[in-house]
Amino acid sequence: MSTETLDSPAIRTVGLTKRYGNLVAVRDLDLEVPRGSVYGLIGPNGAGKSTTFAILASILSPTSGRVEVAGFDPSADARSVRRHLGYMPDVLGVYDNLRVDEYLEFFAAAHEVRRASWAGLVDGLLELVGLEVKREAMVESLSRGMKQRLALARALVHDPEVLVLDEPASGLDPRARVELRTLLGELRAMGKTVVISSHILTEMEEMCTHVAIMEAGRLLASGEPGEIGDRLRGGHQVVVRLTGGEVQRHTVNGEEAQRALLHRLVAEEGLPVVEFSEEGAGLEQLFMDVTEGTIQ
Amino acid sequence: MSLTSALPPLNPVLARELKQRMRGRHVWLVLTLYLAVLAVILRWVYLAASRSDSFDGRFDQLASATAGRAIFQWLLFFMLLLVCFIVPGLTAGAISGERERQTFIALQLTLLRPRSIVVGKLLASLAFVVLLIVASLPLVTVPFLVGGVSVGEVMNGLVMVLATAVTLACLTLACSALLRRTQAATVVAYGITLGMVLGTLLVYGAQQIPRRADGGARPDPWILVLNPFAATAEVVQGRTQSAGFESPFRPLRELLRLNDDDRLRQVIGTDGFGQDVLEGPNGQIIARPPAMTIGPAPNIAVPFPAPPPPPGAFTDFGGGSSSGAVEVFPSGPVMVDDGFGFRSDPPMRLAEAPGGDRAELGGIRFWVLSLWAWFVLSVVAVVLSVRRISLPATREGA
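These protein sequence lines map, in sequence, to chains A and B.
For the first sequence, the numbering used here gives the first residue as 1, with consecutive numbering after it.
For the second sequence, the numbering used here gives the first residue as 1, with consecutive numbering after it.
Only chain A is shown next, with the shape it has when bound in the complex (with noise of 0.2 Å):
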């Protein structure tokens, strides 16, 4: 549906359907993240976004439909899978007496890492999450939001292609999350595709290339941010606001040039514009736009 970027997807769902007994978590969700993306998975809770990552984790099994991770079926080939995607789940669970440099390691021996690259590859990663000073720290003293680094670097252990990182932001301040932005610019610089899932829409939109919307089971829109917000709208409102508290509105769609003309013609026609803007165009607007606010 999206622009047909690379060769095959990092992730394609056809049909996906996750039941359990009579609640219907996802219903016949399609998704195709592409390579090299930063996708991001919105809907409130309940949408589903949880489950359909442990589908792709390989944590549990659909009840129909094709999943296709890195090529792989995840649960007909969970191993493969698991080679390939590197999986941070909502919850931060640490273990005790442990430190941080050993956790890593601990992680790299289960990734069937060598041992002789172990030192080389914990450095890389403290350094690549920000943690270098905190390496022999014991890793249940961490704050919340280094534990949420530390679990970024247990899932890059085995230098996957694909992250998928469940609710990543939740529960950090806003430095943290600044920070978890600028890693996913570099993860997304380093190849990796990204998959992440949010209902801080305001960041998702700023981090991602790629956004779905689910609610209760269903997937409503995917695609790039401003594309959606076009189909689903036929456009972007602009405001003109001209002195005197005249207001003018006028629909464009999404494409530069449409925005550019509609402000010359402003700016020919002479008139007092005091605000030039766009409205409704966030990924906040889009997501009220798009749900309904049904909880399953």
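Treat each hint with caution, since some may be false.
Pulled from the structure, derived: some chain A residues nowhere near chain B, Cβ distances all over 12 Å [said to hold, decoys possible]:
| id | residue |
| --- | --- |
| 1 | N45 |
| 2 | G124 |
| 3 | P174 |
| 4 | S277 |
If you anchor each label on the Cβ, the simulated ranges turn out as follows [to be verified]:
| id | chain 1 | residue 1 | chain 2 | residue 2 | range |
| --- | --- | --- | --- | --- | --- |
| 5 | A | E140 | B | R43 | 37 to 47 Å |
| 6 | B | L7 | A | T182 | 34 to 44 Å |
| 7 | A | T182 | B | P138 | 52 to 62 Å |
Calculated from the structure, these hints are not laboratory results.
Backbone N, C-alpha and C define an ideal beta-carbon position, used for all residues, glycine too.
The hints should help you fit chain B onto chain A, whose structure is shown.
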């Protein structure tokens, strides 16, 4: 570092758990308490032994050996008891604890196979038990100083303790994998342990009620196969009761119809010097001045254990569980070392004792049956655990 990297890689779960456990606060506490309990038992039995009648200021090899046996059996009994208390507690949180700390998903999503996780968890629990057993070895070797116990018998006893620990660890691990919460796993695991130790005895007792009413024979103690104390009771030789000590295993040995008749003090012959020859508590031959000369009889200190016999002579100085009364005196011309370095023909053959020193069910030694039963239980427990923690889960929740 270079030494450890030359070794084959340790199971990662085991390596991590060892670090964590040994840094934990209660390790030294459990170890200290365990050794303290055993040391108190040792001291208590030793004091009781030195106050008894047969230990009246003179050195009496027989009394000494009997005290050695008492020490060994009580130590073994308490080691077994402590293992039953410690192992479920050590293991109950192995998997449910990780679930509660929310660390388990990350572990399951590594390349570790479920069976590696289970084995690592088991070994981590058992490593601590092995540490306890090794730490208690100096205490267990005290009986060697006073005599009455063979190395083989001590080994047999320790093997039973270890086998009990392995079985309980496997069963507890299954509880931890199948139940969601550590608290529930702990309760069920101790319940299972109690069932194996006391429940089997109760069931066996209940089985006898109808039989006793009609005066029939006692039923075979199949149910006791599950009881770690019963299996250990068969492995140790129970003839301790003579010098005023009761073996802690004696009631179980009676249930198993093992021969515990008081042959210790029975003179079975005289050697060439006119000394009485007695069968020692572990089947070894003891010579001492005739019991007839009561009073200021010359008491000759007998070196114990006796010097190694020459080839061809009687060599089985109490070969643990295998030394039944019959095997003590193999047929044919065998020389008996009388403890002075002199050798004489065996004075007489021991009559085969009724019941003997081996308990059998269906023609198989009782302790062998026990080990098999525990093995099967352990395998079932491990398989259940492995299946429970395998992903992706088709059932709800993981």
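Is 37 to 47 Å a correct range for the gap between the Cβ atoms of A/E140 and B/R43?
Holds, at about 41 Å.
| Assertion that A/S277 lies farther than 12 Å from chain B (Cβ) | holds (44 Å)
Does the no-contact call for A/P174 survive, Cβ to all of chain B over 12 Å? Its Cβ never comes within 12 Å of chain B, the nearest being 25 Å, so this holds.
CB of B/L7 to CB of A/T182, is that within 34 to 44 Å?
Since B/L7 and A/T182 have Cβ atoms about 41 Å apart, the given range 34 to 44 Å holds.
Check your understanding: Using the C-beta atoms of A/T182 and B/P138, is the stated range 52 to 62 Å upheld?
Key -> Given range 52 to 62 Å: holds, Cβ gap about 59 Å.
- [ ] Just double-check A/N45 for me: nearest Cβ-Cβ distance to chain B has to come out over 12 Å.
- [x] holds (17 Å)
Does the claim that A/G124 lies outside the interface with chain B hold up, using a Cβ gap greater than 12 Å?
Given a closest Cβ separation of 19 Å, the condition holds.
Comparing the model with each earlier hint shows no violations; every hint is respected.
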